[in-house]
Structure formats: structure tokens, C-alpha cells
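A.B. asks: If you want the building blocks of each chain, they are given just below.
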Amino acid sequence: MEYLYNYRIKPEDIAYAEEFRRKPVGHHSPGLQRVLNRLHGMPLAGKPILVCTKPHREWTLALLSGVQGVPPKLVPGKTYRSLHDGLWDIFRTRWKMVTGEDLEQALARHKKTSRRVA
Amino acid sequence: MLKLTAYSNPIHVRPGESVQFKVSCDGLAAYNAQIVRIVCGDTSPEGPGYREIPVPAKVNRRYEGRFQPIHAGSHGEVPANPALDGLASFTVQAFIWPTTPKKGLQGIVSCCSEDGLTGFALVIDDTGALALRLGTGRGSRLVSTGRPLQERRWYLVSASYDARTRRATVAQAYQGRLARRYSAAITTRLREPYAPAEGRPLAMAGIATAAGADRLIVGNHYNGKIDRPRLANRALSEPEIRALCDGIPSALADAVVGAWDFARDIGSEDLSDISATGLQGVTVNLPAGAMTGANWTGEVMDWRVRPEEWGAIHFHDDDLYDAGWQTDFTWTIPGNLRSGVYAARLRSGAHEEYVPFAVGPEPGREAKIAFLMPTASYLAYANEHIATDGIATELTCNFATVADPWSVYLAEHREYGQSMYDLHSDGSGVCYSSRLRPVLNMRPKRESVLGGIGPSRLWQFNADTHILDWLEAKRHRYDVITDEELHERGLDLLSPYRVVVTGTHPEYWSTRMWDALEAWKHSGGRLMYLGGNGFYWRVAYHPALPGVIELRRNEGGIRAWTAQPGEYHHSFDGLYGGLWLNNGRAPQKFVGIGMCTQGFDISSYYRRKPDSHKPKVRFIFEGVGKDELIGDFGLVGGGAAGLELDRVEPALGSPAHLHWLASSEGHTDAYQLTVEELPETYPGLGGEEQGSVRADMVFFETENGGAVFSVGSMTWAGSLSHEGYDNNVSRITNNVLRRFLDPRRF
Numbered sequence: 001m002e003y004l005y006n007y008r009i010k011p012e013d014i015a016y017a018e019e020f021r022r023k024p025v026g027h028h029s030p031g032l033q034r035v036l037n038r039l040h041g042m043p044l045a046g047k048p049i050l051v052c053t054k055p056h057r058e059w060t061l062a063l064l065s066g067v068q069g070v071p072p073k074l075v076p077g078k079t080y081r082s083l084h085d086g087l088w089d090i091f092r093t094r095w096k097m098v099t100g101e102d103l104e105q106a107l108a109r110h111k112k113t114s115r116r117v118a
Numbered sequence: 001m002l003k004l005t006a007y008s009n010p011i012h013v014r015p016g017e018s019v020q021f022k023v024s025c026d027g028l029a030a031y032n033a034q035i036v037r038i039v040c041g042d043t044s045p046e047g048p049g050y051r052e053i054p055v056p057a058k059v060n061r062r063y064e065g066r067f068q069p070i071h072a073g074s075h076g077e078v079p080a081n082p083a084l085d086g087l088a089s090f091t092v093q094a095f096i097w098p099t100t101p102k103k104g105l106q107g108i109v110s111c112c113s114e115d116g117l118t119g120f121a122l123v124i125d126d127t128g129a130l131a132l133r134l135g136t137g138r139g140s141r142l143v144s145t146g147r148p149l150q151e152r153r154w155y156l157v158s159a160s161y162d163a164r165t166r167r168a169t170v171a172q173a174y175q176g177r178l179a180r181r182y183s184a185a186i187t188t189r190l191r192e193p194y195a196p197a198e199g200r201p202l203a204m205a206g207i208a209t210a211a212g213a214d215r216l217i218v219g220n221h222y223n224g225k226i227d228r229p230r231l232a233n234r235a236l237s238e239p240e241i242r243a244l245c246d247g248i249p250s251a252l253a254d255a256v257v258g259a260w261d262f263a264r265d266i267g268s269e270d271l272s273d274i275s276a277t278g279l280q281g282v283t284v285n286l287p288a289g290a291m292t293g294a295n296w297t298g299e300v301m302d303w304r305v306r307p308e309e310w311g312a313i314h315f316h317d318d319d320l321y322d323a324g325w326q327t328d329f330t331w332t333i334p335g336n337l338r339s340g341v342y343a344a345r346l347r348s349g350a351h352e353e354y355v356p357f358a359v360g361p362e363p364g365r366e367a368k369i370a371f372l373m374p375t376a377s378y379l380a381y382a383n384e385h386i387a388t389d390g391i392a393t394e395l396t397c398n399f400a401t402v403a404d405p406w407s408v409y410l411a412e413h414r415e416y417g418q419s420m421y422d423l424h425s426d427g428s429g430v431c432y433s434s435r436l437r438p439v440l441n442m443r444p445k446r447e448s449v450l451g452g453i454g455p456s457r458l459w460q461f462n463a464d465t466h467i468l469d470w471l472e473a474k475r476h477r478y479d480v481i482t483d484e485e486l487h488e489r490g491l492d493l494l495s496p497y498r499v500v501v502t503g504t505h506p507e508y509w510s511t512r513m514w515d516a517l518e519a520w521k522h523s524g525g526r527l528m529y530l531g532g533n534g535f536y537w538r539v540a541y542h543p544a545l546p547g548v549i550e551l552r553r554n555e556g557g558i559r560a561w562t563a564q565p566g567e568y569h570h571s572f573d574g575l576y577g578g579l580w581l582n583n584g585r586a587p588q589k590f591v592g593i594g595m596c597t598q599g600f601d602i603s604s605y606y607r608r609k610p611d612s613h614k615p616k617v618r619f620i621f622e623g624v625g626k627d628e629l630i631g632d633f634g635l636v637g638g639g640a641a642g643l644e645l646d647r648v649e650p651a652l653g654s655p656a657h658l659h660w661l662a663s664s665e666g667h668t669d670a671y672q673l674t675v676e677e678l679p680e681t682y683p684g685l686g687g688e689e690q691g692s693v694r695a696d697m698v699f700f701e702t703e704n705g706g707a708v709f710s711v712g713s714m715t716w717a718g719s720l721s722h723e724g725y726d727n728n729v730s731r732i733t734n735n736v737l738r739r740f741l742d743p744r745r746f
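Sequences listed follow chains A and B, in order.
Going by our numbering, 5 is the number at position 5 of the first sequence; the sequence numbering is gapless.
Going by our numbering, 540 is the number at position 540 of the second sequence; the sequence numbering is gapless.
Chain B extracted, bound-state conformation (with noise of 0.2 Å):
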């Protein structure tokens, strides 16, 4: 399997700009690296040809290999305090909200040396029961109510103890009705008494177990929610303990070393500690914030707006934001570099490894062609399970599932992060995504399972690497820029061009790089949207942090998971997230056309509408038949209307001065109306029966002489390089470009 694995930071750099890459080894002695340029990733012998240019750089070497491991797991942490040390007695609290509470030991408050034998750890035990570790010096006593948890139930739990009368408390107090049933509590004396620990950090979400060169290791990760622990430095009574979850009363100011409250936080990695003491943490590998607390009534669902009711953080054992890996070298880019997508190759032995990432061009260098490679929605798939896990998959694909060896690999090394299209180990959606890690599917040379049947089973950056060739094929000048940089530097990234060519599946948008894209194509700005499904869902990059974007999966949508109720808000930036359509935003007002459907078996073409006949669209057709059908050919599929399809929606906002250029027809069954069509349910929602299901191709003019040329689908890429580029897809998408090009009006 793979032996040999690798990313990027950054994955896009200019002329003078460094990128660094971070490789791992899994046993090999030593690679060497290749900077190269990639023009095709599609390895298909009835494919183009995969074509990648060796790049001479001074990083082209051989280097010592070495295992670099991943930490997953999200935990909080309190460094090390003199506040810590020495509690002789205490009482450690919080608000849990279990959602694994079978899965073995796990720990929610702890502070406690590595082999256990001083400090406490507040866990569930391996019955699933709420317990106390209790370090003796010599050995450690667990003292366990003996009731299992209720998962995804809220509970008040907390752990005393009293150093004169070595008495030790253990409470779980179920919040809602039947709380005799579910709560319990103990209080046991202990023979030996208690051991504090000394220099130890506090551990939320997990027990510390050592500490690496430069990072804490924690085990025994807590699945679920935690809200508002508290630790204080003698054993509270059952009403103290009470009195302490709202705030901290004036009584017990003095005993209070921690309170740290989660909705103050929201979309960082502090932990607020609002206590005297300030013992002020931080979250490691970004568990989910903004999450209902226990208090949450249901009365307001925006977390802005009333904060204190969103004081939990939803803890995962499989969370991963930043993998944390050396350095192994450093590429600085060239000033004469020519704008492209590049990759770090790796190769020992028979093991190769691409890191791939974008090269924009050199301020005032600009091409006027700029190719928008759709890195917020590369991680949004990122890492994907959706080949082992899905149990929906071969539904959607309608054959059974031909996985690939890079999600074979993935299966097993979980520690490599999820993708959106994911659910953690506790069954809950996965709502952040990190390029600070090994993106096994955002490679050249790989297919995917989500590809359709066909020569190339191709998804996302390699299907992608098809407009990249096909641009050098036709010989137009171009340059790559990308999402993430779009959100960073907004309209300034887009003016210097005069066309703007989207990838296959721009599927997740950011609303600055919206409202940027929106700006530009007013500004004169002609976009050619040659995929299917494109802004679709809202997300958020994180103001701070880099790499990372958010998601909440919120009511409507295909979806792989489910926002919880009063969570549809991101915590990176407060907004309401989910589709663009439900904030506002139809595609169809922004590109004329919105997804539909979608279905991962065989595609289909297109037939030209009475529109395509117009004076004002003849460029588009030049050279194409009146009754030619367009694109009954392709790699994706066997067509160029095919995977996820967009299609017209006056009623959604495309606009009444459009030109419905074509529309494709004959899906099969595996193509379904997108639930969000759908008010009520009722037979005969497929391909072979709905005329809703299919992709329209549709071009529209913007203020000050802008376009949008849309084909709605994401195989219309795959045909371009049909007949050594001549067929009517080539054809018409160089029409428009050429046209586009054109500053004359139209």
C-alpha cells in the first residue's frame, strides 16, 4: 500500500514565494523529488495522454526518508500551572453530551501524570459509566457510578474529592425528565489517599499520556460534547456544584481554579478560562465549536445572538486539523516560472507520490485567461470515504462500487482526516477540512469512485487536469489561481483578466470569493462555467487559522450528513451556512443555471434549443450542425452531459435575458431530482421519466459588457480532447473563448 505520502504549505505561491514540503516514508530508506509541471493526470490509454514537464529546480534530489506520524483526535489543553499542582482536594465538572459512550475509555477532564499514578482523570470507563482515576502514589483507584450513559442525552457530571475524610464523589445527573433513571452517584473512601499530580497540563476530551518533541500526545479521546467544565480546589457539595454551572457565584470565587466557558471562544482555538486565575487553554485539531450547550432552549438559532446557549465544543477522536509534519525541503518559485499547476513528484522505488499545487503568475505577468482551480471544494472531498463507507454509493452510482487503491488506503488510515462527505467514528457530520495533510485524492494518476463507467473515471483535480490540457491543445495562454486565494485577495485577483474558466465541480463557495466573482462579472468580466454543480454550498475559511474551511450541512441539499438543529450557523464567521439557495444566492442567478440531479454511471449529450439559433449566439455554433448532437462522446462517462447536472429555474432567479443554448436528455435512473426539488415525494423522479432531469447550456450578458457562458455538467471536460480535439465540445468551448476574449461588446 502506500508507503510514501506527502502535502504542501501553501498549495498556491507566486514568483518569489516559497512552498514547503513535508513528506513521510513508511519504511523506504530514502525518494527522490521532481518538480514538474502537470498538463493531463489522465493515465487512460484512450485518454490524451498523461503529460507532466520536469521542472529543473534545486530541490530536484534525493532525501533521506522518514516516518512522520499523525496525531488524531481533538482534545482541549491547559498548559502546566502552579494552580494545578498540589490540589490535595477537588471537584472537576461539566455538562457531557456523550455520543460513544460504549467505545472504551475516555477521558473528559483530566490532570494526571503519564502512567496514571498521580492526578485525577474525570472519563467514561470501559462499562461506559461516568468514573473517577484517582492516582494513589503507588497505583490508581477508578471509582465508577456503575451506570452506563445515555448517548447523545445531556448530563451534569462531576468528581469530587476530600482529602481529610478521603472521600470520593462521582455524580451523573441526567438533564430531562426520567433523571431518576438515568442518573446515578457514588462515594467511596479510599484506603490510600489521593496523589496529586504535579507539572501536569489539564487535559480536556482525553488523558495526556506524553509528551512529544513538540507537541502533547493524548490518548483516550472523548467522543462527544462538553460544556462548560469547571475545576475547583476542595470537594462542592451537589447545590455548589450546581451553583457553578451558570457562572461563579461570589461564595465560591475562592475555590474556583477553572471555569472555562466555550461560547466566548466560538471559532477559536482558546479555551476562555473566566475564573481569577486565568488558566486560558487552547483546542488542538479544531473540534467542532459553535454547538447547542446544554442550556440551549430552541428559541434562537443564531449562536450570535444569544452565545451562552452554544457553550459546547464537540470533541471527535478522528478530528484533524494540522498533521504537523517537518519540513523536508523548501522550493522558492523562480521568477520566470510560467503560471501552471505544478507538483512536488516522489518516487522510491515503485512508490510515487504527488504533491501537488498552483503557480500564479508575476504581478502585471498576467495571462488574460485565468483557470480557477476549486481548492475550497478539493477540500471539501478531501480524503473521502465514500467508496468504503457510503452506504448510499452504489444507489448513486447504479453499478457496484470500483474503489481505488489510494480510498483502500484511507479505510484503514483514518488518521488522515475525513472529507465533508464523511461522518466521524461517533456518526456525527464532518463540518471542517484541512489541506495540512496528505490529500490522497487531490492527485494526479488517481480515479475515483464517483467518476462514472468509462475510459476515465475521473473527479475533481485530475478531471480538472482535462481544461489544462485542452487550454495547451488550442494554445491559449492562461494562468491558475485558486479559491483560497480568491477569498484572501478577493476582486484585485480577478482584474486583470478578461476571462475567468471554472474546473468541473466548483461546487463550494466562500462568500467573499462569491461576492468577488459576483463583482468581477459585472465589472466586464466573462466567466466560462464549464462544470456541473458548481456554488452550491456555502462555506466559510477561517479567518485566522490557514487551510481550513467549514461546512454546515443545514436543511435541503444532497447531503452526506446533517446539520443538528441550532447548529446551522459556522462557527469560522457566524453565518448561516448550507446552500447558497437557501441564503439568498440561487446559482441560477449567478451563472444562470443551478443543480438538479446527479448520477454516476453513464453520460449523455446535449441537443441544441431554438436559442442557439439566434444571430446574437452564432459565434458559440460555428462550425457545428444544426442537428448535430453535441458531445455523444467523452471519457467521463461515455458523454458530456453527465455526474451532476445544472439546469434552468426562472422561478430561482436565471435571469429573463438568457440564451438556452441546449439541453441534454436520455439519463437513466441513476439521476434523480436533488431533494430540495422537491416539496412532496412522487414517483418517476429519475432520468429515464423526468424532463427536469438534465443539464441546460445557457450563455447570458452582465453589466459593462460581462458573460457567462454555462454548461452545467461535469463530463463536458472530458470530451474535449475527443478526436484529437476536434469534435463540437472542443469546438464550441473555443468559440467562446475566443469571443470572450474579444473585448467588443456582443
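Next up, chain A with everything else stripped away, as it sits in the complex (with noise of 0.2 Å):
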């Protein structure tokens, strides 16, 4: 399966992690919007997704498998006491499966980059 949405994240589209990391979900700019489309329209094999393991206090990282029969696999030890932290991981972990870059580093780098221009 394919990515349904053909665009590419671009070095400048780390502006719309930090507005994600803010409100994860809700009204977003349209650039953020396009950055998700992207990242909700992965294929399902491998995709990242979010199992609640305790209802309304525990939710833990999961691969869907894509195949039919096939649940998804959670990931031991990578649980959530809140679901905006674990939107967040997605968001980080997706991220580096599309782009290959890590989020954290970009992040960091970005900030350096707006404090030397302001």
C-alpha cells in the first residue's frame, strides 16, 4: 500500500511540530494540516498507532500490521499517562519514519536558528 497524499515534508515545515506539539488536535494551520495528511495517510503496515491499555489513564504504542488476522503489535514499555503525550510520540515517531530526521534534534536546531535571527 501506498501513501495516500503525495506530499513531502519540508526542513521548513518543522515550524507546524512545534504547533502540533501545542495542540495536537483541533483547529490547525493549513500547513500543519498538510504536514498531517501526510503522516495519517502512511500505509497501514507499520503504522504507529496508539492502543488505550487502561481505560481513560494508559494508552501504549502499537504497529497495525496491514494484513488482515494480523492485530496490532503493541510496544512494551512505550506507554502514556496522557493521550497528548502519546499523540506526541506518534507524531515524533512518524515523523522520522517519513522524513528519517529525528524531531527532537530538528527541534532543537530550529529553535537555535529563530533566536540567532530574532
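These are computed hints drawn from the structure, not numbers from a lab.
Remember, it's a predicted structure, so these values are computed and weren't measured experimentally.
Be aware that a few hints might be false.
As the list claims (entries may be wrong) - These stretches of chain A come out as covered by chain B in the derived footprint (C-beta under 8 Å, 3 or more residues): (1) 28-37; (2) 54-63; (3) 80-92.
Stated by the list, open to error - Here are the simulated distance ranges between beta carbons: (4) 67/B <-> 63/A: 28 to 34 Å; (5) 656/B <-> 11/A: 55 to 61 Å; (6) 626/B <-> 69/A: 55 to 61 Å; (7) 363/B <-> 84/A: 48 to 54 Å; (8) 63/A <-> 282/B: 41 to 47 Å; (9) 31/A <-> 151/B: 37 to 43 Å; (10) 63/A <-> 656/B: 53 to 59 Å; (11) 29/B <-> 66/A: 35 to 41 Å; (12) 247/B <-> 73/A: 50 to 56 Å; (13) 69/A <-> 723/B: 43 to 49 Å.
All C-beta atoms in this analysis are idealised placements derived from N, C-alpha and C, irrespective of residue type, glycine included.
The two chains are supplied separately, each in an independent frame; assemble them into the complex guided by the hints.
C.D. replies: Below, the structure written as C-alpha cells:
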């Protein structure tokens, strides 16, 4: 299966990662929406998702199989106490999968550059 | 994972009637049962609080656990018959349209011993080619054409064996242009003679492996269509095989052992043999009927006009109608039990299962309010695999998938069957759904991937308990009735009620349900449509088989799959399926508003419209300020307007005299206009820009003092309990309900 969207995430899209961290769900800027469409439209095989493992208080990272009859595989140790934390980790993981780049490093770099410009 | 699963039959009862519970324990020695009344199924710490009330009953006790398997996969069965025995020579043939030829061994028509050492099986072999498996007593021989079949193309397939010459012939004749490229035939001589089977049934779309206690176990299920299968008692020539396709020529009458015409039994489980032998068969697990055959011309779209062109059945290896479990216990409803939503709560250690069912009132002792539990819509979503299978799931949610343990379990346990939102393993759409199996998402305490973001990610059954909870909190006496009962009993069911309150998402309606509610509405009934995307798809209940509905996802509508051309009419009742809109009954005509958008992230609020200040409807807004935002709070998505929304559209039939009370605004781009709204495509179809992406709240009068109040949002109910039920959503709902109970005209 292919990506549903052709848009390739660009270095300048890093600003949208900040926007996502502040508000992972809801009204987004058009730029963040374009990034999210790319990430949400990933192929199902190996796609990271969350599974609610304790109602209302714990979520665990899992990988979809993309194959009917093969359930998502939980990733041991990758549990979150809030949905917000889980969604952020998913975003980070997918960012890496899609761009090959570590998001935290990219964000740190971006912060430094913005400070310099300022 | 889930070790305890169960279902009941039926799912709606009245005092004096009985409900059976069928339970399977996976490795659990015992379980305890307790009947409870469900008041609120929402476990969220921010919600009104989970609430169930234990009900004294003799069945509340400990039971031994046992494992009950589910045998999914559909097939045809012709019981063992002397006419099938000792066929030393034979021909077997059919038209087939295989959908997964590469899946591995699949039976098309077979009559053989469990070990395959006697009898024959016409199959698709491991290479995807047509083959004939022949038992020789000590072993078996596979004669294959060696040429893989093409997916979703018609072939006339045949295989014959002549005892005198020991010659077996296998042929796949491609139906269409370039036939030589895809056709193949092989004739070979067997060193050891073929050994026919004795006392064995004939299976279609599978190979019988064993006889269970009460059913034939069939394996090697075939995916795809079969049309006009035939069995003859000698090796037929190619012209004879062709001649047998369209009927039984007199010259071949003596040779034919069985000739099944699926077009004769569309909508039933019967398989009619048109030969003199009369080898009647049945289908198991409801394969899809009224499917276009190899001879479909496309000149006619309704199978009732030329049934002979719809002689195909589409079999699937994951079809499931009736799990067929044994009953563990039966509860007879006591005469004094109040109407409500009940459940058998089953517990074994940390494992828990709920089996909900509706108890209606004793006839003659009805309340004035009926909550119409949308069980047809529950069935449409029964055991959906949206979180794990849906490629577009995240795009409609606009955040990463949050799956729940039950959906993870179903992702593995495909034998629990599919919902009408799923694809079969061969990629074709699921058009039937039954309640004779554990329906793991029709449970209290369960959340759903479609429930948006917020404290309570609820959907369907569990979301509807927000309405029950509110009715209780406001001390309204209500009865619970179901779609299934409405379909069975029609207007009579509704006649005692002054007010009918819908669930949050009454999307699927049979024609009889629709007609009954319409008639009631105009006989003075007052309808409170407290949901979103209601009255959208037409479905058919089976006229004889209990607890199963059919849906054809025809052109138009937000749909998880699309019915194939020529397959737009139900097999159950012959009616044209699909959207009610495309059947001349737009929801706007019925409840003033109709589905216009969906999105599964955050919900929003309503703002009052000028109509809301008119004296006629002042009662609705008593205690609500002129500029107050309505429902800018809530458990599902954080607002009263969310998930799936309906809007006013006069062109589609919103009555001219309706009062347009309020509209929602400020939706995100997860909310896009529905496809049937779009004759053309253009940018900006989402909530951030589109004025038509909204929920409209309306009121209008019907005949004889009847009325309709509609909110057009699935999350309205999730806002009812806010601030101890003291909020404007609760106030408006209560104002309407109290006035609707008052028989005076508006």
C-alpha cells in the first residue's frame, strides 16, 4: 500500500511540529494540516497507533500489521499517562519514519536558528 | 485479551418472554452471571458516572465455563443422498468468478470423504489454477490446468472423469475476449482408478472436513461467485457441458444428477435443484445473494425483472450469520420488571462481559415516552474493524488512531464476523450483519475510535446511554423499544406513545420502520431526534431469518465500500437499496434536516437563529439567554455539535414551515461535506471554510398535533450531564420533552 498523499515534508515544516505539540487535535494551520495529512495517510503496515490499555489513564504504542487477521503489535514499555503524550510520541515516530530525521534534534536546531534570526 | 464473550437471543423482550444467553469461555473454568439494568455506560471520570442496577433473578449464579467455537465462512450444502453415491464417472461444472485465486486450496464443488481418499473436489489449487482432486482409495490425485485463474473474471470451469477410460479432463474456459490467453484444459489418464465417495454430502464453495455434533464442518472456503453448478453421472463432452449451462436439454436429462439454479432462491437459504433428482441444498452463513451472474447483460438493473441474470452467489471465507452456540442459561422476564436497557453481566476473575438487551413494557402499561434503541444501526457497526483496517480512518478523525482492546481482539479474531463498514477478506463489501454472535462494540464501558477526542470517546450503544442517564436524572418515565421490534410490529408499537426519543445515531432504517414512524408522526406523535446522520441508509430485515439486516452501499453516500454495478437491489426484499435520499425519501423530508458532514476530532457549539425567538417556539428556549452559545461543553469531542451532522436543505425537502432554531459553527477541516453534496469538486470543502458544514436544530409541526424536534448532531447527548445536568443542552431537551408530553397543540 502507498501513502495516500504525495506531499513531501520539507525542512521549513518544522515550525508545524511546534504547533502540533501545543495542540495535537483541533483547528490547525493549513501548513500543519498538510503535514498531518501526509502522516495520517501512511500505509497501514507498520503504522504506529495508540491502544488504550487502561481506560482513561493509559495508552500504549502499537504497530498496525496492514494484514487482515494480524492484530496490531503492542510495543512494550511505550506507555503514556496522557493521550497528549501518546499523540506527540506518535507524531515524533512518524516524523522520523517519513523524513528520516530525529524530530527533537530538528526542533532544537530550529530553535537555535530562530533565536539567531531574532 | 478477551476470554469471555457471549450473545443473547433475542435482544428485545417483554415481560413473560425469555431471553437465552450463549457464552464462551476461553480457558476459564467458570463465570458468574448477574442481570443488571444499564443506566449509564460511560466510565469516564469526567462523566456522570458509570451506573448499573443489579436485578434479582434466579439466573444470577455461577456457571461452568466452556469454549464455544465460531465456524465462519459461507458455503452450500447438499445433504448426503444415494444419488450422490457411487458416481463412478461424472462431470462437475459451474461458472465461477474467483476473487482470491492465489489464496491456496479452495473448494468449488466437492463430494468426498473427510480424508479425501474417496470422492472428488473441483478446486482452485495452490498455484491458483483450476484442478480436480480425485480420491483413489489409497491416495488422491490432483489434476491441474496449471494456468492461474484471473481475479474477478468469469470462467466456465468443468471437470470430468470417465471410469471406462480412466481419463480425467479439467477445463477453465475464460468468458470474454482473448479467451485463448486465459483458458486452459488438460486431459490425463489415471494409473489407479477413481474411488467415488459413499454417504457424503456435496459442498459448494468449500470442502467438507468433518461432521460436528450438529453441523457439517467445512474448510478450504472459496472466495468469489459461483453460478449454475451442475453435476452429471458421466463424462460430458465440451458441447454437452456448454449445453447444460442454460438449462437441462432433454438429451442430457438422464445424465444430470443435480443442476442448481441460485436465481430461484434469491433471498432465501435454499439451493434449488432443477433436475429430476431434486437434490435440494442450503447455504450456510449467508453468502451474498442476488449477485450478477456470468450472463448478466447490464440491460436491466433489478434482479426481479430478469432473475436468470442474477444466478450467482458470492461466497466469502469470513461470512457469519449464526455462531450457533449452545445456550448457557435462559431468563424469563418477570411481569413487574420495568422497561429499560438490561444486560447479563458475566464475570470470571478480571474478565468481564456484558450482553445487553432491551426489555419493553408489559402491553397496556406503557409510559408516555419511548426511547427507540437503534438496533439496526448497532448491527451495521457490529464488530467493525475501522481502527485497524480503515485506510481513511485517521483522515476522518484527523488525529492518530486510538484503538481499544476489543478492536485489537477483533483484528485477530475474524471469526466474530464483520460489520457493514468492513471488507471481506477478498476485498468485497459486507452487505449482511447479524446479532447471532457476540457484538463486542454493543457494550457498556466500551469506547470507540470514532468517538472523537475528549473525556468520553463513545459511539452508538454506549453513547446512547447518555440519553438513558439523562432521562433518569430528570425523572422521566420511559420505555425502551428497538428498531427490530419496530420493523416487526410497525405502527402498533408506537401508538401508545406521545413522544419517541431517538438514539444518537439512528442511521439505518428499514422501509417498514420508516413507514411506521412516518405514520405515527402524522397521527399526532412527537419525535425528538437527538442524534446525527439519522435516516440515511435503507436496509432490509430478512423476512424469515431472525436478527439479520442487509445493506447495499449504492452510488452516493459516505461509504466504506461500493456495491458492484447491477447489485443495488437487496436480496432480502428486492428493493433498491442505498441512501434513502436516492429512494426519494431525503431525511430532510422526515426530520427537517439531513446528513451533510462528518468529522471525528472535536465538537463545537450552536448559536441561536432568528426563528428561535418566535413566540411559537419560545417554550424551547425558556431559561436560555438570547446570545448564549448552546453546548460549548460536552463529553464527546467537547461540544454538543459533533461527529456526524445534519443540516436544513429546502431543496431536499426540509418543510417550508419548519423553525430553524440554531446552527453550529466553527468545525475543523476533519469535517468535510458528504460526497452526495458534491456534483463537482472544488477546494475548501471543510469546516474551516464551508458554511454548509454545520448541524441545524429545527422544530416543525406535523399532522394531528404531531411535531418533530431535531438536533442533527451525534454529540448532543454527551452534553446533557454537564454541570449536574444544569446546562442549556439539558434545559432545551427538557423544555421540548415536557412540552411534547403535553397533548395541547402548539
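A.B. asks: Hint by hint, say whether it matches the structure.
C.D. replies: Cross-check of the supplied hints:
1. 28-37: Result for this restraint: holds, n = 4.
2. 54-63: holds (count 4)
3. 80-92: Our answer is that it holds, as 5 residues pass the Cβ test (under 8 Å) against chain B, meeting three.
4. 67/B <-> 63/A: 28 to 34 Å: Holds, since residue 67/B and residue 63/A (Cβ atoms, about 30 Å apart) stay within the stated range.
5. 656/B <-> 11/A: 55 to 61 Å: Roughly 56 Å apart at Cβ, these two residues keep to the hinted range, so it holds.
6. 626/B <-> 69/A: 55 to 61 Å: 57 Å, holds
7. 363/B <-> 84/A: 48 to 54 Å: 52 Å, holds
8. 63/A <-> 282/B: 41 to 47 Å: With Cβ atoms ~42 Å apart, the hint holds.
9. 31/A <-> 151/B: 37 to 43 Å: 41 Å Cβ-Cβ, so the 37 to 43 Å window holds.
10. 63/A <-> 656/B: 53 to 59 Å: This hint holds: roughly 55 Å between Cβ atoms.
11. 29/B <-> 66/A: 35 to 41 Å: 37 Å, holds
12. 247/B <-> 73/A: 50 to 56 Å: The hint (50 to 56 Å, Cβ to Cβ) holds, given that residue 247/B and residue 73/A are roughly 54 Å apart.
13. 69/A <-> 723/B: 43 to 49 Å: 46 Å, holds
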